[in-house]
Amino acid sequence: GDSVIQMQGQVTLSENDFLFINCTYSTTGYPTLFWYVQYSGEGPQLLLQVTTANNKGSSRGFEATYDKGTTSFHLQKTSVQEIDSAVYYCAMRNMGYKLTFGTGTSLLVDP
Amino acid sequence: EAAVTQSPRNKVAVTGGKVTLSCNQTNNHNNMYWYRQDTGHGLRLIHYSYGAGSTEKGDIPDGYKASRPSQENFSLILELATPSQTSVYFCASGGQGEVTEVFFGKGTRLTVV
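Chains as they are written, first to last, in my numbering: chain A, 1 to 111; chain B, 1 to 113.
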């Protein structure tokens, strides 16, 4: 079945540090890949998506890249700020309605 | 702005009791979902629906039922609640198409004692 692996459970950075979060996926065909962000007390919300056709997406200073060869996708930001502290989820949707999530990365940015 | 509203926001239930979590969306989306969120597991899909009258099993459906009586409403039912079902539950809605954004509610914190 479909699966998304997100290995980094917690990441602690200082302001202006570089952020890199990696996910790998397993499925058949050509999925659409997403990054969702969840702030404290809220539900997850879409940060950006990457289709196989584009291989890259960007939003709010974040950039996502997709590597079909290694079935992996990454989220990065050059210079994180304290307001970026949140939980980040990678997710995959493939040929249907089901959205499969990774286990989440909790990012803490120290001021 | 897409809106997904969950009720109640917090619930304490007794073991063996029946619990119903409700979700309403005003987005006119065909697809609706129920996830639970647990530390170390992320978001796991319990049930989903692709329209009024339909319900489908997700990845962890055991112990849960779902009901979609209308386009706007999607309920999650725990007939016999157990402490292992203590969790935060999220409802979501989304339109057709794989690139369509999915919108989440604010969640329901359920504690089964």
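One should not assume that every hint holds.
What the hints assert, rightly or not - Below 30 Å or equal to it, Euclidean Cα-Cα: the simulated DSSO-like pairs (lysine-lysine) are: (1) Lys65/B x Lys11/B; (2) Lys56/A x Lys98/A; (3) Lys57/B x Lys68/A; (4) Lys65/B x Lys77/A; (5) Lys98/A x Lys77/A; (6) Lys57/B x Lys18/B; (7) Lys106/B x Lys57/B; (8) Lys56/A x Lys65/B; (9) Lys57/B x Lys77/A; (10) Lys56/A x Lys77/A; (11) Lys56/A x Lys18/B; (12) Lys98/A x Lys57/B; (13) Lys98/A x Lys11/B; (14) Lys18/B x Lys98/A.
These are calculated hints, taken from the structure and not from any lab test.
Tell me, which hint numbers fail for this structure? Hints 4, 8, 9 and 11 contradicted; others consistent.
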